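2 protein chains.
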Amino acid sequence: MASTLVLVSKARCFRGEVHKYAHDSAVTNVKMTFNIYLPDAALTNKEKVPVLYYLSGLTCNEDNMITKGGALAHLSEARIALVTPDTSPRGAGIPGEDDDWELGTGAGFYVDATQEPWKKNYNMYSYVQNELQRVVAESFAVDTSRTSIFGHSMGGHGALVLALRNPGHYKSVSAFAPICHPSTSNWGRKQFAEYLGSNESTWAAYDATELVKRYDGPMLPVLVDQGDADQFYSSKQLQPSHLVIATESSKRPVQLDSRMQPGYDHSYYFIQSFIKEHIAFHAKHLWL
Amino acid sequence: MASTLVLVSKARCFRGEVHKYAHDSAVTNVKMTFNIYLPDAALTNKEKVPVLYYLSGLTCNEDNMITKGGALAHLSEARIALVTPDTSPRGAGIPGEDDDWELGTGAGFYVDATQEPWKKNYNMYSYVQNELQRVVAESFAVDTSRTSIFGHSMGGHGALVLALRNPGHYKSVSAFAPICHPSTSNWGRKQFAEYLGSNESTWAAYDATELVKRYDGPMLPVLVDQGDADQFYSSKQLQPSHLVIATESSKRPVQLDSRMQPGYDHSYYFIQSFIKEHIAFHAKHLWL
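Top to bottom, those sequences are chains A and B. Numbering of the first sequence is given in the numbering used here, commencing with residue 1 and proceeding in unit increments. Numbering of the second sequence is given in the numbering used here, commencing with residue 1 and proceeding in unit increments.
Since the hints were made in silico from the structure, they are not lab data. Keep in mind that this is a model prediction, so the values were computed, not measured. You may find that some hints are simply not true.
Which copy is meant is left open, so a pair is good if it fits within one copy or across any two.
[Stated by the list, open to error] Only pairs whose alpha carbons sit at most 25 Å apart, straight line, appear in this in silico BS3-like list of lysine-lysine:
id : residue 1 : residue 2
1  : Lys236    : Lys31
2  : Lys251    : Lys31
3  : Lys10     : Lys236
4  : Lys119    : Lys46
5  : Lys10     : Lys276
6  : Lys48     : Lys31
7  : Lys284    : Lys251
8  : Lys10     : Lys20
9  : Lys120    : Lys213
10 : Lys46     : Lys10
11 : Lys46     : Lys284
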């Protein structure tokens, strides 16, 4: 059953439009919102355009990339649609869901929860991978055979996990300051214990550094940027070197370009500084 | 007496840094905050760079342009500093100052108030034109002989007024969806009555359409962009045609390029769509 999209707002931006939609989700069992940027080519149905998904980080929502990421100029130019979902269900009514910025609201971690009280709603993995992409495919002039994904921090983790678990589905994946090895950092362990339970063997399915060792599919281009003035890098929540070592040693069909950017922190100031390169990276693979 | 700047935050962005400062203002009699974007050339004191001021609109603060405007990529490239002040004093303790989004907090209108209870604090004209620019000149490697200004909506009004009242001070001025004739629109009349009093003859000093008729100074380049899907344009709060007619009929040394942009609304989606052209316009005049 296709959920009905309700248009919340619409604005012209560059040579395209930003639309915000709400819809009832059968996966998270709450109303979800997302933004989509549609270049004119898609709006006029002149052509189906490639589609890029962006997953945001802790405390963020569907708006951060659209308003602060600086992506739309480059997406307009490259004729690529951008879809930005929220970072969790909201208003699920779970006791304490709004009390901790690292858990519950704004902190879905792109997993399918198996534990109470989360499992009825906190299924952001399936929401993004299945329901949202189906809704987008049914509703807009996008060429789903040309799909890529990227994200920031918790959302960088999400993008890497979705790409590594679905070989061939994404043409490329990139991330800004992603949580690369969540089974071994506080960002990850804390949430996995809540959403997935204490049996750590179930965590590997949501851990890019573990997944990359088993990846079996078409060559996956991966771009990772990390700022060296990022406090969460210093506190070892992100661990890009773990992903690099696992990729190099496992020799799977993964082409990882992991870059350290001197002076940049964890903010959208960092993201906007390199967004043009990330869009160009995806455009190259999406329009191949 | 120079007020002491307190660094609130700092982040690298493109080839430069965004700094946020707080300082005690002798003009508004409260603590004021502003952001400044400094290209690397200014940070390393290699050269004094030109400086561009941006005035934000109703309900906004010093962050809107910096985070959502998409300007920093182009400023980095053009080696121009950007200063973004707040839109009003905050926490002045005036009864009701936070009750109406069109008056008081977030709505300083870039005037020097002459009426109670506003006149002790609501002096954003002098704050931006004098105190802030002096503080910036004393504290950073900017070439004050190369200064320009722009703004949005209420801030577009402010930018036009500051440029027209200070011949030769600004190399260029531009605006997104400015309030062009505030003495004759509700946005303007409502606030002028409160801040300046009921004697309407005092309002002309803060009305671009009136000021342009008397402008006497070096040729002033002016760029105005207006979206035709802007609800505040439709409701006649902005009236760009009044500024065009006054400029054309008065034949003062003002070179106005007033453009209508089809499909765009009043938001930062509109601003970011044309920010590159505005920065290029100022860069041309600042680096002349």
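Looking back at the hints listed earlier, which ones does the structure fail to meet? 1, 2, 4, 6, 9
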